[in-house]
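What follows is each chain in one-letter form.
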Amino acid sequence: MIADVVVIGGGISGLSISFELTKKGVKDIVIVDKVFPGYGATNRCGAGIRAQWGLKSNCIMTKKSIERFKHLSEELGYDIEFRQGGYLILVHNEKQLEQFKKNIELQNSLGIPSRLITLDEAKEIVPYLDTSTIIAATFCPIDGHANPMKTVWAYVRALRMRGVRIEKFTEVKEVFIESGRVKGVGTNKGSIFAPVVVNAAGGWSQLVARLAKLELPVISERHQILVTEPVDHLFDCMVISFKTGLYIQQVPHGSLLGGISEPEEPGFNMESSWQFVKHFAKEATRILPILKNIRIVRQWAGLYNKTPDAQPILCESDEVQGFYLACGFSGHGFMVSPMTGEIIASLITKSEPPFDVSYFSTKRFKEGKLIVEPSVVG
Amino acid sequence: MKLECDTIICRCEDITYGEIIDAIDAGATTIDELKYVLRVSMGPCQGKGCLSIIRRILAERLGKRESEIELPKKRPPFMPVKFDAFLRMEGYDC
Numbered sequence: 016m017i018a019d020v021v022v023i024g025g026g027i028s029g030l031s032i033s034f035e036l037t038k039k040g041v042k043d044i045v046i047v048d049k050v051f052p053g054y055g056a057t058n059r060c061g062a063g064i065r066a067q068w069g070l071k072s073n074c075i076m077t078k079k080s081i082e083r084f085k086h087l088s089e090e091l092g093y094d095i096e097f098r099q100g101g102y103l104i105l106v107h108n109e110k111q112l113e114q115f116k117k118n119i120e121l122q123n124s125l126g127i128p129s130r131l132i133t134l135d136e137a138k139e140i141v142p143y144l145d146t147s148t149i150i151a152a153t154f155c156p157i158d159g160h161a162n163p164m165k166t167v168w169a170y171v172r173a174l175r176m177r178g179v180r181i182e183k184f185t186e187v188k189e190v191f192i193e194s195g196r197v198k199g200v201g202t203n204k205g206s207i208f209a210p211v212v213v214n215a216a217g218g219w220s221q222l223v224a225r226l227a228k229l230e231l232p233v234i235s236e237r238h239q240i241l242v243t244e245p246v247d248h249l250f251d252c253m254v255i256s257f258k259t260g261l262y263i264q265q266v267p268h269g270s271l272l273g274g275i276s277e278p279e280e281p282g283f284n285m286e287s288s289w290q291f292v293k294h295f296a297k298e299a300t301r302i303l304p305i306l307k308n309i310r311i312v313r314q315w316a317g318l319y320n321k322t323p324d325a326q327p328i329l330c331e332s333d334e335v336q337g338f339y340l341a342c343g344f345s346g347h348g349f350m351v352s353p354m355t356g357e358i359i360a361s362l363i364t365k366s367e368p369p370f371d372v373s374y375f376s377t378k379r380f381k382e383g384k385l386i387v388e389p390s391v392v393g
Numbered sequence: 018m019k020l021e022c023d024t025i026i027c028r029c030e031d032i033t034y035g036e037i038i039d040a041i042d043a044g045a046t047t048i049d050e051l052k053y054v055l056r057v058s059m060g061p062c063q064g065k066g067c068l069s070i071i072r073r074i075l076a077e078r079l080g081k082r083e084s085e086i087e088l089p090k091k092r093p094p095f096m097p098v099k100f101d102a103f104l105r106m107e108g109y110d111c
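Respectively, the protein sequence lines represent chains A and B.
So the number in the working numbering is just where the residue sits in the first sequence, counting from 1, plus 15.
So the number in the working numbering is just where the residue sits in the second sequence, counting from 1, plus 17.
There could be a bad hint or two in this list.
Straight-line C-alpha distance at most 25 angstroms; calculated DSS-like pairs for lysine-lysine [claimed, not checked]: (1) 307(A) <-> 99(B); (2) 293(A) <-> 90(B); (3) 81(B) <-> 183(A); (4) 183(A) <-> 90(B); (5) 91(B) <-> 65(B); (6) 138(A) <-> 297(A); (7) 78(A) <-> 38(A); (8) 91(B) <-> 293(A); (9) 307(A) <-> 293(A); (10) 258(A) <-> 117(A); (11) 38(A) <-> 79(A); (12) 65(B) <-> 165(A); (13) 91(B) <-> 183(A); (14) 204(A) <-> 81(B); (15) 297(A) <-> 99(B); (16) 204(A) <-> 228(A); (17) 99(B) <-> 293(A); (18) 116(A) <-> 78(A); (19) 228(A) <-> 188(A); (20) 38(A) <-> 365(A).
If we take Cβ atoms under 7 angstroms as the criterion, some of the chain B residues that face chain A in the derived model are [unchecked claim]: (21) 61; (22) 92; (23) 98; (24) 99; (25) 101.
Stretch by stretch, here's where chain A covers chain B in the computed footprint (C-beta under 8 angstroms, at least three residues) [said to hold, decoys possible]: (26) 35-48; (27) 51-60.
Simulated from the structure, these hints should not be mistaken for lab results.
A virtual CB, placed ideally from N, CA and C, is assigned to each residue, including glycine.
Start from the sequences and build out the full structure, keeping to the hints where you can.
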């Protein structure tokens with residue numbers, strides 16, 4: 016088989032990259048996924064979308080992504096359930112307050128309408144909030160969420176209509192390289208020859224990179240999540256704490272979707288644990304006591320692919336020409352996916368990227384010039 | 018038994034035979050994909066009532082044997098449980 020571009024990984028990043036490539040006139044694209052689109056992380060993710068970040072690059076990338084998400088259902092011809100209910104970030108102490116004040120100043124300077132709010136205002140937005148362990152909150156009304164499973168399906172449908180081949184249950188075993196240039200990939204179902212190969216393999220991106228003799232400074236890490244039975248409308252926004260690592264939101268279906276950070280060893284474990292639910296129950300019912308009588312119906316896990324600075328890797332490899340990297344999203348791949356697509360598609364077609372993306376190359380690791388994002392659920 | 022387009026297959030999420038057939042014809046080849054696209058078996062019963070029927074529909078439509086269609090992974094807690102129950106777990110410190 017031959018193609019113009021092979022995209023390894025049919026998660027949200029690979030799908031968005033392929034879609035933007037078709038818009039730039041690239042015709043012969045093959046997406047290979049070792050299971051099926053969305054399987055590894057996208058379908059498992061918390062689906063939150065926020066522009067409240069502590070670094071300019073993340074603010075710009077998410078703000079521009081939100082602009083795209085607004086019209087994505089229309090563009091793809093399928094409802095992805097994008098909603099802008101805002102993100103309410105809990106402020107637990109003075110140290111956090113100082114950081115969030117700086118964040119808001121930065122966000123406002125970039126046109127992001129976030130603001131510091133009082134406990135009374137927070138209770139107006141989330142009437143069930145127990146404010147006894149917080150001193151304030153920040154709120155940004157343009158933040159929100161979309162249904163990741165519907166978004167994957169929307170892209171899959173649109174890409175098939177545009178003639179993109181999506182090969183499921185196709186695992187890349189080899190990356191072909193000749194005199195420093197990528198030539199294609201070998202899979203369990205045969206070889207695909209192409210002058211451009213994109214590594215969008217999410218939690219497995221470092222393993223795919225190794226097939227091209229590249230070492231990426233990323234690790235994979237399990238993050239667990241759960242969903243409750245559908246209940247009456249409680250609140251519209253994401254409630255999130257960077258102190259406890261807790262996040263929870265109510266999706267349009269009525270169920271509550273939430274997770275909490277746990278100490279994890281790097282690895283590829285995607286099993287669930289009762290310790291996670293116990294930990295989540297303790298922290299979540301502390302800030303939202305109404306949850307006590309709501310039932311959890313399902314829990315699962317997915318992989319973060321983390322970089323040391325919690326910023327993604329988006330570039331062409333220095334060592335292997337034609338081999339592009341779109342990985343290390345550190346838990347935020349879904350919310351930045353519209354820009355991931357635009358950035359990688361512009362790098363491949365040698366056109367102007369949507370903004371300065373030079374920081375996202377792997378050079379920063381070699382030069383040791385890391386700028387670490389402070390506002391993450393680690 | 019003949020299934021009609023409006024026959025409800027997943028009773029928790031009100032998903033019909035016709036919706037399942039449409040998703041298969043749009044490219045879904047696994048029960049997991051049907052779950053993700055339609056929410057079948059994602060309600061309170063977690064598929065206890067519908068998974069075997071969905072497996073048969075998928076096998077028939079794809080011209081495969083039922084045994085060739087993998088069932089989705091079983092995910093805890095297996096039946097709906099209130100958060101309050103987790104707060105009262107004794108002897109399980111973490």
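- Hints the structure violates: just list their numbers, smallest first. none
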